[in-house]
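*Asks:* Using the hints provided, position chain R relative to the given structure of chain U.
Protein sequence lines correspond, in order, to chains U and R.
The working numbering numbers the first residue of the first sequence as -8 and each following residue consecutively.
The working numbering numbers the first residue of the second sequence as 10 and each following residue consecutively.
Among these hints, one or two may not hold up.
Claimed, not checked - Simulated DEER-style distance windows between Cβ atoms: (1) U/Met316 with R/Met10: 27 to 33 Å; (2) U/Gly291 with R/Met10: 45 to 51 Å; (3) U/Thr268 with R/Val48: 52 to 58 Å; (4) U/Glu238 with R/Met10: 27 to 33 Å.
These are calculated hints, taken from the structure and not from any lab test.
Quick reminder that beta carbons are idealized off the backbone N, C-alpha and C, glycines included.
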Amino acid sequence: MNRSWMKRWPMAVVVLAALALSVSGCAGGARPRGWTGLTVVDESVYASDLEQLQVLDTADGRSLWTFPKDPREEQRGTFHITPAVDEEHVIVASYIPSAGLLSQPRHVVWALDRETGNTLWTFEGASGQYVEGGALSGGLFIIGNGDGNVYALDVERGNLKWTFETGHRVWATPLIVSETVYIGSMDRHLYALDLSSGEVQWSFQTKGAFASEPVLRNGTLYIGAFDNSLYAVDAQTGTEQWRFAGENWFWGSPAVYDDAVYAADVKGNIYALDADTGETLWHQSLDTAVRAGIVTAEDGSKLFVGGEDGTLYALDPSDGFTLWMAEAEGQVLSPPVVSGSVIYEALLYGSQRIRALHVDNGREIWAYPPTPEE
Amino acid sequence: MFDPIAYFFANILLLLYDFLGQQTVAAIAVLTLLINLLVLPLTLKQQQSSRKMQEFQPEIEKLQKKYGNDKERLSQEQMKLYKEAGINPMGGCLLLIIQMPIWFGLIGAIRYCIPSGPLELFRFSQHIYKWLPSVVGLVPLQSTFLGMDLGQPPSSAQWWSYSLPILVFATSWLQQKLLTPPTTGDSESQAAMMNRQMQIMMPLMFMFFTLQYATGLSIYFTISSLIRMAQYYFVQRGRDSDKSEGKGKKKS
Chain U
-8 MNRSWMKRWP
2 MAVVVLAALA
12 LSVSGCAGGA
22 RPRGWTGLTV
32 VDESVYASDL
42 EQLQVLDTAD
52 GRSLWTFPKD
62 PREEQRGTFH
72 ITPAVDEEHV
82 IVASYIPSAG
92 LLSQPRHVVW
102 ALDRETGNTL
112 WTFEGASGQY
122 VEGGALSGGL
132 FIIGNGDGNV
142 YALDVERGNL
152 KWTFETGHRV
162 WATPLIVSET
172 VYIGSMDRHL
182 YALDLSSGEV
192 QWSFQTKGAF
202 ASEPVLRNGT
212 LYIGAFDNSL
222 YAVDAQTGTE
232 QWRFAGENWF
242 WGSPAVYDDA
252 VYAADVKGNI
262 YALDADTGET
272 LWHQSLDTAV
282 RAGIVTAEDG
292 SKLFVGGEDG
302 TLYALDPSDG
312 FTLWMAEAEG
322 QVLSPPVVSG
332 SVIYEALLYG
342 SQRIRALHVD
352 NGREIWAYPP
362 TPEE
Chain R
10 MFDPIAYFFA
20 NILLLLYDFL
30 GQQTVAAIAV
40 LTLLINLLVL
50 PLTLKQQQSS
60 RKMQEFQPEI
70 EKLQKKYGND
80 KERLSQEQMK
90 LYKEAGINPM
100 GGCLLLIIQM
110 PIWFGLIGAI
120 RYCIPSGPLE
130 LFRFSQHIYK
140 WLPSVVGLVP
150 LQSTFLGMDL
160 GQPPSSAQWW
170 SYSLPILVFA
180 TSWLQQKLLT
190 PPTTGDSESQ
200 AAMMNRQMQI
210 MMPLMFMFFT
220 LQYATGLSIY
230 FTISSLIRMA
240 QYYFVQRGRD
250 SDKSEGKGKK
260 KS
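Excised from the complex, chain U in its bound form:
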């Protein structure tokens, strides 16, 4: 055996191990840290598109403006969360990785002018990752963070108005109704907070983490948890009305239409339950993992679910059977958005990252980035 190799193998193994350990995580700068989300307001689609916030015309997917204008020149980090939009503002968050060994990554909330995309203010007070978007109401922007806090920021100036500390990561979008903020935390509590002060009105505890936005119907909140359960909770008092035991985690938000609640677990099981009693109306299984929740057509004629396999499913609400499927490259991990007769979806890892499809049959209207033929 070669003498020099026998003497040098320990160093070779150390170098290889160091390279392997570095590479095992160090490609993170280019990798998404979460799914991308979009919202539709008036005639525009507002979408987090990793390097940029994209604002597209709903009619044809034409870019109206982006932030930053050129990510190669102005690096503002990676954008994941669903933007929050009101008459004057678009509020989104980005992750800026650390610049060196001892520097810190930055988690930045950006408030942009809705017409021009100019920066109005920024907030960098949180130390964890923003996973889901925030909500706007009463002059405040409320958002949860991976550091366990819920932050309330003044919409005009970005001042921190209050902070509410939970026991674990807050990866859910809040629901704001009147003067109350409903938000779930991974500390296994659903909180009702006063909008103006952040004081706790009530909290509801379970055995599983909450990571989704609750849905409200007739004074009852519906929300799923990581203990495989879907809960119906009184919005005034926080008391449990019923609990449904599914087969896996409920991560995405349920949908409510008429007297039925529709929910999906992460294994792709779709449940329709009586909204008042929690009794099962029907149960179907998709052949894919499902991260996001269910959305309904505006007339309630269809349910829409996105899968990890990149397929958007349209289901019949009466029995859960598939009406149509629209396949695409990538993964649908955030909830699609319905506006009129069009449904918009965001795709992770796909060459086309935002698509607009007909609600009736899933036919593609446009896609972004556009295909070369277009």
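*Replies:* Below, chain R without anything else, positioned relative to chain U:
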């Protein structure tokens, strides 16, 4: 590549977490102990081989002086010496190669159970062993320890979290020093220089790694080093006790 191992360790970690009163650090410590026990036979063999290598270092240097110009003959004589002495020059390499998937598996397990990002958590949701009913709802594990977030790298907001990579360096260095017997013969020999380099390079590599990744990993590396030092101490004490009993018997 190491995901199946990571999923397995993650489920074991969940079981331990549930059994140990939902204490994350305790669960990581026990899992580390179990893994170290698993590779103990290999570890002992590697330590034995390393010790023998050092004991025969003067003989190896004699061969190098004698056959310095004849590499082929030198190589043959060295292999003959290793064979007679029962030394496997690649023994330590084998241990490192076997331990590497275990490291990556455990790193993955900690990242899945104390996720810093949602994609990892979603991926893991598909691989939780449902036939372990007590683990439903456990994820994510409690991530706070001494005011630090075990799922995040050290940060200036929790400045004391930087002590963990330093602790990783210190325990890893001590472990290297303890488990590497002193070289005999010329202190400037290549073997001595290689040992000194390894004693610094490995701890530095671990410290560099733990500066970038979740502090929960620092807990694993520190506990692992402490366990290996304890293993070495008890095994060595047993060996020394046997030796002194043998000498006692000879005298009588």
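*Asks:* Taking the hints in turn, state whether each one holds.
*Replies:* Hint check results:
no.: 1; hint: U/Met316 with R/Met10: 27 to 33 Å; verdict: holds, 32 Å
no.: 2; hint: U/Gly291 with R/Met10: 45 to 51 Å; verdict: holds, 46 Å
no.: 3; hint: U/Thr268 with R/Val48: 52 to 58 Å; verdict: holds, 54 Å
no.: 4; hint: U/Glu238 with R/Met10: 27 to 33 Å; verdict: holds, 29 Å
The earlier numbered hints are all upheld by this structure, with none contradicted.
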